[in-house]
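So the protein lines, in turn, are chains R and S.
Our numbering puts the first residue of the first sequence at 1, with every later residue one more than the last.
Our numbering puts the first residue of the second sequence at 1001, with every later residue one more than the last.
Careful, some of the hints might be misleading.
[What the hints assert, rightly or not] Once the Cα atoms are required to be at most 20 Å apart in a straight line, the calculated EDC-like pairs of lysine to aspartate or glutamate come out as:
#1 1084/S / 1031/S
#2 1019/S / 27/R
#3 1084/S / 101/R
#4 1084/S / 36/R
#5 1075/S / 1105/S
#6 1084/S / 20/R
#7 1049/S / 77/R
#8 1084/S / 37/R
[Stated by the list, open to error] Which bits of chain S does chain R cover? Going by a derived footprint, with three or more residues having C-beta under 8 Å, they are:
#9 1017-1025
#10 1039-1049
#11 1053-1060
Bear in mind the hints are in silico, worked out from the structure with no lab data behind them.
Backbone N, C-alpha and C fix where the C-beta goes; we use that ideal spot for every residue, glycine too.
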Amino acid sequence: MSRPECQFHLALGSRFENIELVQVVLDESLRRLACDDDTRYWVGIAVREAVANAIKHGNHLDPGKKVEIDLRVEGEDLIISVLDEGNGFDPGRVADPLQPENLLKPDGRGIFYMGKFMDGVEYRFRDGGGTEVTLRKRITSGVAIPERNQEGER
Amino acid sequence: MKIGVRQRQGVTVLEPKGKITIGSGDIALRDSVIEALDSGSRKILINLKDVSTIDSSGIGELVAAYTTVTNRGGKLKLVGLPPKVSDILQITQLVTVFEVMESEEEAVDSF
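Just chain R, same shape as in the assembly:
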């Protein structure tokens, strides 16, 4: 599948308001790929988390440091990478937000969101600095959301 018209590269300063710009560009690309509303919504949420993490934890809110976002299509897969200028972290040490002792913690859910809403999440730590998170989504796949019962509850 070759869909160059849907691909983009953005390089933005580390400001939270730039997340809205990413969201707009991403959403338009996903529309061109004929992604349904749910897919656009959940992929959008996952990418917001990746960019927010890059701005906050990677670049420590330094507006002079860049976050680079790339979207491309490989076969049936949507590939979105987010690169910051940070020193990386150990994904294995990120606490599980579903554990009872973490349930009432106000932070620590961003990586969990990404894993839940995408089909794959990979981290790469570049020599000399820079953390790249790559999000992969099969364009035809949905997001596994628990079924509602007949009364609208879960």
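Please arrange chain S on chain R, whose structure you already have, making use of the hints.
Just chain S now, with coordinates in the frame of chain R:
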């Protein structure tokens, strides 16, 4: 993101509109809950019907609000969850923490 504030039968009803996301809506939500507590309210209902997006920071602020209100002897409940906000609370298992009501009337009567 804007947050409407009104009183209904002794309950402070907060109505955020738009996105509760990092750097904007999350802080506004925090401020409005603190303001309600500081003005003496201990019954706080957040009506989420006009919330379009809530990211992990927004969820974190809801959790922080719940903890803060509870620690100050109050009660915080939720109502009007749009389907995708409800999905998020389900995925994060926070439905087991929050008291989620079906209607505002029922919620107000339940305090």
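We went through each hint and held it up to the structure:
no.: 1; hint: 1084/S / 1031/S; result: 24 Å, violated
no.: 2; hint: 1019/S / 27/R; result: 16 Å, holds
no.: 3; hint: 1084/S / 101/R; result: 25 Å, violated
no.: 4; hint: 1084/S / 36/R; result: 14 Å, holds
no.: 5; hint: 1075/S / 1105/S; result: 16 Å, holds
no.: 6; hint: 1084/S / 20/R; result: 19 Å, holds
no.: 7; hint: 1049/S / 77/R; result: 34 Å, violated
no.: 8; hint: 1084/S / 37/R; result: 11 Å, holds
no.: 9; hint: 1017-1025; result: holds (count 4)
no.: 10; hint: 1039-1049; result: violated (count 0)
no.: 11; hint: 1053-1060; result: holds (count 6)
Violated hints, in rising order: 1, 3, 7, 10; the structure is consistent with all others.
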